[in-house]
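S.K.: Take a look at the letters that make up each chain.
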Amino acid sequence: MSKKNQDKKLLFRVKKKDTNAFIEAYDLYADDLYRFVFFKIGRSEEAKDLTSAVFLKVWNYAQSRGLDASKSLRAFIYKTARNSIVDYYRQKREGEMRLDDGENKLLEFLADEKQDLVKQTETLSDMDSVMAGLDKLKEEYREIILLRFIDELSFAEIAEVMGKSSGSIRIQAFRAMQALKDLLGENK
Amino acid sequence: MQTGAGMTRQDMNDQELIKKLQSLKAVKPDDSWKQETRDVLLAQISNTAAKEVKINIFETAAYNFKNAFSFLPNTAWAVICLLVILTGGSLGVLAAKNSQPGDTLYIAKILKDKIQLAMTLDQTDKAKLEMKLASAQALAITEVLSSPSFNAAANPKKAAELAQNFQQEINTVKANYSVINDIQKKNYPAVAANVGTGSAAVNSDDTKVGIGNLQKATDSKVYTVDSGRDSKGMQVYDPKANIKSSIGSGATSSSAVITALSASSSGLGVSPEATSSAPDASENINNSLDKASQSFNTKDFSGAKDILNQVGKIIDNLNSGSVKGATEVGTSSVGGKSDAVVGSSSGK
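Here the protein sequences line up with chains A and B, keeping their order.
Numbering follows this note's numbering, with no gaps: position 84 of the first sequence is 84.
Numbering follows this note's numbering, with no gaps: position 160 of the second sequence is 160.
Hints in this document: simulated from the structure, not taken from any laboratory.
Note that the Cβ used here is the ideal one computed from N, Cα and C, for glycine as well.
There could be a bad hint or two in this list.
Some chain B residues judged to face chain A by a derived CB distance under 7 angstroms, without partners named [stated by the list, open to error]:
#1 I18
#2 L21
#3 S23
#4 L24
#5 K28
#6 K34
#7 T37
#8 L41
#9 L42
#10 L91
#11 L94
#12 A96
#13 Q100
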């Protein structure tokens with residue numbers, strides 16, 4: 001079953017308040033969501049707290065108001081995460097945080113014993129260069145690149161997350177990639 | 001120009017950039033945290049979930065169907081639904097066409113007939129159509145009851161209901177025939193006035209109207225109620241041979257013709273030669289229908305069927321005759337007697 005069909009089916013079941021379906025959705029999207037939140041706020045522990053809070057919020061919303069307006073469960077989860085991050089910033093009163101603050105945390109994710117050292121080094125190198133470029137992009141472009149090229153959401157899903165049209169997101173994604181390419185070219 | 005970890009602008013292409021971006025997928029939470037959070041979440045949502053979820057098979061089927069065609073825009077769905085409704089309706093009407101009283105689809109046939117009636121605006125045409133439909137339904141009922149597959153003893157309720165419906169249809173035919181006669185008398189008072197006088201000249205316009213219609217009526221065999229001829233009181237009368245000789249001849253012979261033809265006429269068959277002793281046209285139809293009812297009540301369904309078949313033919317001639325009459329005499333139910341045309345031209 002394709003990821004899109006799987007998502008639709010989970011949405012259908014979660015609308016019916018199926019707890020098993022929601023846990024399946026958690027298993028499917030927890031890693032991606034955590035990554036998204038981490039790249040937005042730059043702190044691992046807080047990203048974990050926020051991620052678990054987001055899932056609980058989504059479930060409570062589904063219980064109280066239903067998800068009739070949503071076409072994608074994944075998009076709804078990301079949208080909730082986005083709103084939660086805004087609330088987080090308001091609470092922290094620290095404004096937008098730079099990815100530099102979380103850069104050292106990258107090492108934690110590569111501490112998996114199963115990964116060999118060479119691969120760890122290569123991965124870190126690629127990640128390092130890209131993150132340098134992402135850091136300099138404007139927030140909107142960075143978000144689109146995270147959602148489209150890392151978490152692999154469709155344009156329709158990104159449009160639902162960001163509250164824009166698919167066409168606008170396509171154009172923005174193209175421009176974001178161009179901007180990132182320019183930045184990465186300049187860095188070198 | 002750097003190599004290795006960095007790439008120059010020239011070397012950077014979309015694929016490579018995406019590959020680098022994909023490397024960020026390595027950023028993941030640790031498994032222990034993930035499992036712990038899962039357990040906590042499950043405990044939390046299990047407490048808030050109301051009861052066991054049951055998703056019925058129809059919801060799943062509807063969801064799967066819609067999901068399979070989710071690429072279609074809403075307008076396409078509207079068009080598909082409309083096509084399904086129209087196709088289903090058409091198939092239903094077709095299937096109902098040959099349905100019999102008591103069948104599941106018979107109600108669809110009734111509805112179709114009612115719609116047809118509602119769409120007929122002209123009063124006379126409406127009455128003729130209703131006569132035709134009622135006669136057909138009465139015939140259908142006798143066919144059901146005379147069918148060997150129908151066991152009246154085992155289905156007394158249904159048999160009683162059908163008998164009641166039969167009588168209602170017979171009454172409907174009578175009532176509408178009376179309506180048609182009334183309309184024709186209203187539209188052709190001069191012709192109607194000739195009834196019973198026996199004195200109108202053959203060559204007058206009014207008589208030509210009458211003659212023309214008499215001649216039209218000769219195209220069909222006519223049944224009269226003439227008790228004593230046979231057990232069913234029916235005889236076949238072919239007035240063609242007698243039409244010219246009957247006109248201008250004594251009232252006695254012509255009245256017999258008129259009597260016979262009146263039974264098949266539309267009420268316009270009121271001929272100038274008709275005498276006051278000639279029976280009213282509607283009387284013959286009514287008598288036929290009464291005979292049919294009698295046969296029905298005595299369980300002589302085949303006899304009732306025969307009578308109704310002939311009544312049906314009379315009604316068909318009625319309908320076709322009035323159409324010709326509308327063209328040639330220019331009156332039908334809306335014209336006046338001044339539009340009367342030479343009736344002989346219609347006697348073909």
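S.K.: Next step is simple, just say for each hint if it's right about the structure.
M.R.: Checked hints:
Given hint, B/I18 at the interface with chain A, holds; its Cβ is 5 angstroms from that chain's nearest Cβ, closer than 7 angstroms. For B/L21, the shortest C-beta to C-beta distance to chain A is roughly 4 angstroms, which falls under 7 angstroms, so the interface hint holds. For the restraint placing B/S23 at the interface with chain A, the shortest Cβ-Cβ distance is roughly 4 angstroms, inside the 7 angstroms limit, so the hint holds. The criterion of a C-beta within 7 angstroms of any C-beta in chain A is met by B/L24, whose closest approach is roughly 5 angstroms, and the hint holds.
Interface hint status for B/K28: upheld, as the beta-carbon distance to the closest one in chain A is roughly 5 angstroms, under 7 angstroms. Among the interface hints, the one on B/K34 holds; its C-beta lies about 6 angstroms from the nearest C-beta in chain A, closer than the 7 angstroms criterion. Taking 7 angstroms as the C-beta cut-off, the interface hint given for B/T37 holds, the closest approach to chain A being about 5 angstroms. Hint on B/L41 holds. Least Cβ distance to chain A is approximately 6 angstroms, under the 7 angstroms limit.
Using the Cβ-Cβ criterion of 7 angstroms, the hint placing B/L42 at the interface with chain A is satisfied: the shortest such distance is roughly 6 angstroms. Checking B/L91 against chain A: minimum C-beta separation of about 32 angstroms lies over 7 angstroms; hint violated. Hint on B/L94 is violated. Least Cβ distance to chain A is approximately 38 angstroms, over the 7 angstroms limit. Proximity of B/A96 to chain A is violated relative to the hint, the smallest CB-CB distance being about 38 angstroms (cut-off 7 angstroms).
Taken as an interface hint, B/Q100 does not check out: its beta carbon lies about 45 angstroms from the nearest beta carbon of chain A, beyond 7 angstroms.
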